[in-house]
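Engineer: One letter stands for each residue in the lines below.
Protein chains: 4
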Amino acid sequence: MPAAVQQHIPYSFLDDYSEAAHPALLSALLTSSTTQQSSYGQDTLSSDARRLLREQINLNDSQVDIHFVPSGTAANLICIAACLRPYEAVLTPETGHIVGKEAGAIEVAAGHKTIIVPGTVRGKMVPGQLVRTVQRNQFFPHAAKPRLVYISNATELGTVYSKSELRALSAVCKQLGLLLMMDGARIGVAVASSAHPEDERPTLADIAELTDIFWIGGTKMGALLGEAVVVKKTLPYADDFVFHVKQHGALLAKSRVMGCQFAELFRDGLYFQLARHANDMAARLADNFVELGYALYPDDRVETNQVFVLLPEELIQDLQERFQFYVWDSLDDGRSVVRVVTSWATDPMEVDKFNAFVRQWTI
Amino acid sequence: MPAAVQQHIPYSFLDDYSEAAHPALLSALLTSSTTQQSSYGQDTLSSDARRLLREQINLNDSQVDIHFVPSGTAANLICIAACLRPYEAVLTPETGHIVGKEAGAIEVAAGHKTIIVPGTVRGKMVPGQLVRTVQRNQFFPHAAKPRLVYISNATELGTVYSKSELRALSAVCKQLGLLLMMDGARIGVAVASSAHPEDERPTLADIAELTDIFWIGGTKMGALLGEAVVVKKTLPYADDFVFHVKQHGALLAKSRVMGCQFAELFRDGLYFQLARHANDMAARLADNFVELGYALYPDDRVETNQVFVLLPEELIQDLQERFQFYVWDSLDDGRSVVRVVTSWATDPMEVDKFNAFVRQWTI
Amino acid sequence: MPAAVQQHIPYSFLDDYSEAAHPALLSALLTSSTTQQSSYGQDTLSSDARRLLREQINLNDSQVDIHFVPSGTAANLICIAACLRPYEAVLTPETGHIVGKEAGAIEVAAGHKTIIVPGTVRGKMVPGQLVRTVQRNQFFPHAAKPRLVYISNATELGTVYSKSELRALSAVCKQLGLLLMMDGARIGVAVASSAHPEDERPTLADIAELTDIFWIGGTKMGALLGEAVVVKKTLPYADDFVFHVKQHGALLAKSRVMGCQFAELFRDGLYFQLARHANDMAARLADNFVELGYALYPDDRVETNQVFVLLPEELIQDLQERFQFYVWDSLDDGRSVVRVVTSWATDPMEVDKFNAFVRQWTI
Amino acid sequence: MPAAVQQHIPYSFLDDYSEAAHPALLSALLTSSTTQQSSYGQDTLSSDARRLLREQINLNDSQVDIHFVPSGTAANLICIAACLRPYEAVLTPETGHIVGKEAGAIEVAAGHKTIIVPGTVRGKMVPGQLVRTVQRNQFFPHAAKPRLVYISNATELGTVYSKSELRALSAVCKQLGLLLMMDGARIGVAVASSAHPEDERPTLADIAELTDIFWIGGTKMGALLGEAVVVKKTLPYADDFVFHVKQHGALLAKSRVMGCQFAELFRDGLYFQLARHANDMAARLADNFVELGYALYPDDRVETNQVFVLLPEELIQDLQERFQFYVWDSLDDGRSVVRVVTSWATDPMEVDKFNAFVRQWTI
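Chains as they are written, first to last, in the numbering used here: chain S, 955 to 1317; chain W, 955 to 1317; chain V, 955 to 1317; chain U, 955 to 1317.
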């Protein structure tokens, strides 16, 4: 019996990748394991997954290619390497994952400059600031050429772009000759979010229409690993994308492992169902906090599966004996911002225990 | 039911990664899946695997670090990036996987020059040629500085270094101030090979002693994915190795997936057992060829799981209706070199069918 | 007769590299031209220059190496490439030349991430902000490792570090395990500046003591081309620096051309004499502006050879018919910030004409 | 008085860059030095030079751009960076300067794989071998994609492509979808060579027609520094070429220094006159060797300014007391291959002394 099973540790709300995989995915892996398959993405399981994904985004195989890569950092660096010439730069919000959490992958492995677009609103890039940043970086040939806009959805703060916001960004990009890329590590909880009115919620098809390249995260939505990169064939050199995948060590011999899981996630809507679960669990936590008078951060909304909340230090310490979560930032008034993350795997009973604990401590 | 299962295709001897994973590994993944684990390699499953691997190589955790990465190309490029300064070059046999099969990963993603050491013997680098190549590349500061020697074991031709051969290479490297690295995509079949007399068969511990960095392939020995990189702490900046893993997108959030499988492979010797199976199946194919008078290539020995054999075109065509394999090269005399690869998963009945087919065709 | 001589254009205060070279340097080039010299920096003219520079910085050849490269961008990218491992980052003020004026050279050609240290004071990095930025970038192994601090002296705004300021930065760097690098494109006007009290003016020797690597600009101080990089041998791999120079195409076959000019600049103090001239000319312009009531920018001091001044649009337009200079920024009140640059070659009569023009226009 | 002038050293036939610059070029630099000029290649001297070069190559400014860079390594790495996508490789003869004499600039600074085309004839690439090498590197997406062919003219062995040879290579490139690039460090002696019949001697215009990008060497033909890169606008992204120049530190603020010299070299045919001088001096050396019975290497022809000759060790040692030259390779029979290089600056009297010395020693 593996040691891990025996260990007793506080329940984790640290992140959305603490469990391995949804049973349906493991089962599909098991079922298909002994069938012989072609390697390097040419297998029938991956073909299946591609077909199912293309149905979701409403584009056919003459319009998009889909590639599976093993990690979010791989997805980001490969997308950026494929989109840009050496003197072209990627524009990103300061909170972008590629800025401070990928160890310089964009600059070193992909070989491109990143330019910060300051002044996000709730973690989201705003068109006005994008325009100003591009204008400030026009100095031929001394300034690297702004060419690709990188956004995440959901953002690092758990917020979600509305359809109008995406349209506005997309329009500005077209106008300025920029490409638009979306990091979709948490695209599941974004499309499943009810933060915006129904007609303002972008589907995967909307995202495919409004961006030039984006990826659909599997790791944070129940897969052992894998992100599906959607490359629009209107991109220059789109047909050569797989060279970049190979060159960066992301073309798995058994790419079928990712194909198999994505097929399972998208065959009957499991992906969205798991995303809704994550969001529901977060809402349940947030509601309890609000009800008990604790302030959410940065404002009173939780849009996806990340709850940021201001708690007194004493409560935090007591909570930490029973639950794991990150302390994000400390204020001067004895309170700290705490991040509580739910996921596809979050146990509702643990959420209830967490809520009960906070309630009991408070009242 | 996944489409793949229904498909009927000729049995594949194309490569050693046509099946997904050994059932014991899938079972371990299933069992541990719901336990919450730390991410990015800090999980207990990976700790287990590291402990088991350290036992194999007879070095403790103050002597080596072990990192799991998702692919062989990732392993190679990251090892090379970690070992070299920008002006330092890697020396490789012409048949090295990094030369023509990694899409420029070493040059572009790792950022280093490769220098070919010509004149291999049976796919293996020979010390004399290494010395000469290093001498020819001494032209300060105009020639990139030779610094790291890359070899594969088993080689791309399926041959295996004897202990004496490894010792000789290692000694030359030390003498010339070079580091020695081993690509272990097929290290399993190498250490399980009986090509050399028993006291000339390097174990994993011997390899750890004689090299500075090497990796143990999981993908080609029954894992869904994963290669275990063994980094000796005598390497400059060894403690920062994981930065390179992260920077190249190879630090999986659920690194546990690789840890879990490696623990399973090395808990009770499964890794070696699977390797022996692969070698046995290859021997069975080779023996049949030899018995029927077909010449093996480049000479009369098969050392691991790759059988190269000269067959008449007509036989090849008939065989291809029943079995998949690569035609490697064509001679002028109506014969071609064919590569038949066995693996941990090769079905002995299919080997027997293959042998019977060849026998029947011939006699 | 070359076409350029005939052309009639407004006198330029655009930059400090509008003229080719000081006559003494051209004369030295002419005198030594027919002597045969070793190539790639091994010539006696460069040896001479190195000896003279070492006298200036008070360090011998077992303590420093000196290399000549053809441009400031080459100097910056090569220094950074030589100081850092791939996962290490360079910290720079937002106004740093490497941020927006080198087309991504640091990221792409050198292969390193740049991290902005916000909150400069008069264009100069402040230790407190450096500490905070380093703290914010500690997230092993997800954040690139802060390792090298880049500053310019004079800064892009023409300001100069005092000895105390340099000492404080240097102390913080030592404490945090950071290397300190100075871009000396305009180091001449910096060391010749009288902005600080005499005992607070860093000499080249002080700069050599307080930094790990820095360069002395020739291009902006009377040379056709050439920057002298001073590499302290305490830097890891200092002896291999020239590999980086060669690898980036900056090792000139006739490196003597730079050696010859630097020898001339430093044989009898010409370098400092030219720098003082540039500063004096700037002061003369600044005094006139102040006397006539125009506000300097960002405050009332001009420290080196760049005068930033707020002028009404009408004056700017009239001035531009007679003189060239850059309009830096436009305010809402009908005024703009104008940059007027003087140099080693600035004609005092043109300065007087400029001053007279402004005076006449104003009064 | 500079130290260099006083030194007494044996006359050098080591290379073609031992002297600084032709007096006419220094004079032009002196004359134009005080005129104010725009920076970064926008000066009128560079415009002049470009116009004169365009006349030579018979293409107008809508057909080609011309950029000046400070060194041959810079020219090579920038051309290659501008022509290729990350997964594309450059094909080169084994003797190519980029292979062993640029410290990994192509791989590391430009970021591209080099593939050796074996089997040159007299140092020149042959179309058949090019085709075979391209065929061997077709393995999508595992092998880097062959895309650019690099040749030098004159080659590293001093040989010259005939017009037919260039046409044949160019045709093969077109047929295979490859770009053709020529390293013109010694293009002067190549176009001035009489090795081929008159109608088989490619002019600069022929070279411009038959290649996609090439450069005209200044450093080895009388300039202090500078190579003129000719970029055909049919190249993808040709308009962005200068970004690469800037990004690699090769865009000199005083680019005029190179423009001025190139204008002088091409105003009245000085470039070709100097090239003929270099070739004549080499012929004079070669004739003497042949007359005295010494074997030239690799065969009995000297095509440009490099004389390779087989001499007995004793003669070499005696010669080295009076003259400098490189010993290239040593044979087993007591002889060595010696390289004697002439240049635009070679003193005919020293050639005669050299010849007399050899004659006296021999007879």
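Honestly, I wouldn't trust all of these hints.
Pairs count within a copy or across copies, as identical chains cannot be separated in the list.
Unchecked claim - Straight line, CA to CA, 20 Å or less: simulated DMTMM-like cross-link-like pairs of lysine to aspartate or glutamate:
no., residue 1, residue 2
1, Lys1186, Glu1304
2, Lys1187, Asp1287
3, Lys1055, Asp1193
4, Lys1055, Asp1222
5, Lys1117, Asp1286
6, Lys1117, Asp1222
7, Lys1307, Asp1002
8, Lys1307, Glu1268
Just so you know, these hints were derived from the structure itself, not from any lab.
Engineer: Would you mind marking each hint as holding or not holding in the structure?
Structural biologist: Here is what the structure says about each hint:
1. For the homomeric pair Lys1186 and Glu1304, neither the shortest alpha-carbon distance inside one copy (42 Å) nor that between copies (42 Å) is at most 20 Å.
2. Taking identical chains as interchangeable, the C-alpha atoms of Lys1187 and Asp1287 are never at most 20 Å apart, the minima being 53 Å within one chain and 45 Å between chains.
3. Proximity of Lys1055 and Asp1193 under a CA criterion of 20 Å is satisfied inter-copy only: 19 Å between copies versus 29 Å inside one chain copy.
4. In this homomeric assembly, Lys1055 and Asp1222 never come within 20 Å of each other (Cα to Cα): the closest approach is 33 Å inside a single copy and 38 Å across copies.
5. Taking the shortest Cα distances, Lys1117 and Asp1286 never come within 20 Å of each other, neither inside one copy (38 Å) nor across copies (35 Å).
6. For the homomeric pair Lys1117 and Asp1222, neither the shortest alpha-carbon distance inside one copy (25 Å) nor that between copies (55 Å) is at most 20 Å.
7. In this assembly of identical chains, the alpha carbons of Lys1307 and Asp1002 never lie at most 20 Å apart, being 40 Å within a copy and 31 Å across copies at closest.
8. Proximity of Lys1307 and Glu1268 under a CA criterion of 20 Å is satisfied intra-copy only: 18 Å inside one chain copy versus 72 Å between copies.
Taken one by one, the earlier hints fail for this structure at numbers 1, 2, 4, 5, 6 and 7, listed in ascending order.
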